[in-house]
Amino acid sequence: MSKRIVCVACPIGCEIDVQVAENGELKISGNRCKRGYEYAKDEVTDPKRVLTMSVKVEDGEIELVSVKTDGVIPKKLIPQAIEFLKTLKISAPVNAGDVLVEDLLGTGVKVVATRTVPKRYHSKLEIQA
Amino acid sequence: MKREKVDVLVIGGGAAGMAAAVQAANEGVKTVLIEREKKTGGVLNQCIHNGFGLHVYRKELTGPEFMEELWKELAETDVLVQSNETILQVLPKEKEVIAQSSEGMKIYEVGSLVLTTGARERPLNSLMIPGTRVSGVFTAGVAQKMVNIYNRLPGKRVLIIGSGDIGLIMARRLKIEGMDVVGVVEIRPEPGGLMRNVVQCLEDFDIPLLLSHTVTEIHGRERLEGVTIARVDESFNPIQGTEKFIPVDTLVASVGLIPQNELIEDFVEMDYINRGPVVDEFMRTSVDWIFAAGNNVAIHDLVDFVYEEGKIAGKYAAKVAKGEKLPEAVYRFNRGKNVGVMLPQKFTATQPFRMYIRPKKTLEKAELRISKESIRKYTWKLRPSQMIDFIFREFESLEPENRVIEIEVIEIE
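Sequence lines, in order, name chains B and A.
Each residue of the first sequence is one higher than the one before, counting from 1 in my numbering.
Each residue of the second sequence is one higher than the one before, counting from 130 in my numbering.
Nothing false has been slipped in among the hints.
Mimicking DMTMM-like on lysine to aspartate or glutamate, the simulated pairs with C-alpha atoms at most 20 Å apart in a straight line are:
(1) A:Lys274 to B:Glu61
(2) A:Lys304 to B:Glu83
(3) B:Lys119 to A:Glu197
(4) B:Lys110 to A:Glu189
(5) A:Lys201 to B:Asp98
(6) B:Lys3 to A:Glu332
(7) A:Lys510 to B:Glu15
(8) A:Lys490 to B:Glu15
(9) B:Lys48 to A:Glu189
(10) B:Lys56 to A:Glu306
(11) A:Lys494 to B:Asp17
(12) B:Lys27 to B:Glu15
(13) B:Lys86 to A:Glu306
(14) B:Lys76 to A:Asp333
(15) B:Lys41 to A:Glu332
(16) A:Lys188 to B:Glu38
(17) B:Lys48 to A:Asp333
(18) A:Lys168 to A:Asp207
(19) A:Lys167 to B:Glu63
(20) A:Lys506 to A:Glu496
(21) B:Lys3 to B:Glu25
(22) A:Lys235 to A:Glu214
(23) A:Lys466 to A:Glu540
(24) B:Lys3 to A:Asp335
(25) B:Lys75 to A:Glu332
(26) B:Lys76 to A:Glu306
(27) B:Lys76 to A:Asp335
(28) A:Lys506 to B:Glu15
(29) B:Lys48 to B:Glu15
Residues from chain A shown here face chain B by an in silico Cβ test under 8 Å; the list is partial:
(30) Asn179
(31) Gly180
(32) Leu183
(33) Thr191
(34) Pro193
(35) Glu194
(36) Asn277
(37) Asn280
(38) Ile305
(39) Met324
(40) Arg325
Keep in mind that the hints were calculated from the coordinates and are not lab data.
If you're wondering where the values come from, they're calculated on a predicted model, not measured in any experiment.
Glycine included, every Cβ here is placed at the ideal spot set by N, Cα and C.
All chains, full assembly: derive it from the sequences and hints.
The following block contains the structure:
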């Protein structure tokens, strides 16, 4: 089997050819770096991606904190990961780099905040609901 | 009116402006960074996807992370950040800049100026699509800000027009947030954005890409009810009989960015292909104390390059503010075959510098030639969606009597 893959590891987007021999051995060409090699290998065996999205924040300056997986996770888990992250709600303040999820769906990959969200300013005159 | 003397004034607190201000302050001059929003960061704020920082910080960052790295750099300097302040006018003869802030009007007397005002989105109206002007039509950047900052979805069912990177990224983003993304239409026969984004934003999420298609009509009374799309011929004219009605309540337009240069375009030399000022390798414009960097000079693919330009502009703006005389940019590039966006357009040939060129069309394999001499070979596909960059240092072949240097990208076997 032979497959042509566009690498997503960086903006160059190398077109990588992967040939899978009958014994399962891979022949990879067209990549210009080691990350491209790894990406192409994963792409024919178990495709992986970094997921970036937002998580809801309570009492923050803005209502959302942007997050990312701290490494790649299997592509097939992405829909599940999205649904899981949508259910999360955390309280401000949040600092960039804070670990929000230690182990995402058993992948061993963390979910970290990629933005600082300070606590919302409350006036003394504000009436608490 | 309040007057203030500043060595280097930087206008615009996005990636280029923050980098320029950091570098200028590191040269030991009084530096003020003007930002019209509440906080610096510019568009990085809302670009929560990854792919930033590989060149500059040697790690893959999201937009907000790149922004916070720059905040850390800024915090280590004496740069005075003036947020909630906007610039009304630059007076070239007086070397003065008029600002408007909550404290009122202010005049800065500047040693030098760095313009880092970035770009605006090209609005959909500029495409002259017939139909009503309904709600539910957004530019991609506005939709991005709604979703990523304000926690609001623009609608339920969306079509994206234009396959630039922001359009592709928003297709994925809106899908992740639960919208029904019916597809991306692109008038040209190839995607406008990077291939990596076609793969990871569209293919990964099963979002169709309709090449050689455009929106020909907008339907609805108050809210968008749908659009008509059609296939186009080679000259981008809709082909009769291929029209199709697509029911959507939201249309997101990613149809290009326009560099913002209103503050200087009346008195600096402009490049009408880049739509920005003509600059040399110091990022100096035709007015020797005005520098420019980032997306107002030309639209870039990578924030990393914008950052690098900001650093260069800040460094040399500081030197000029200190009274140093920079060498004259005596050489000028002449755009040859396949050269679209290009910078710098002039150079002094006193030190190696990085050049950026956007090829006009897709080239399978290509060679970069300067004065007909081969400088670099590209054994991979070059696309208009991706700038090529290289360090130019081959000055030996320059002849002092020939100061117009032809630069071209030639297709090779």
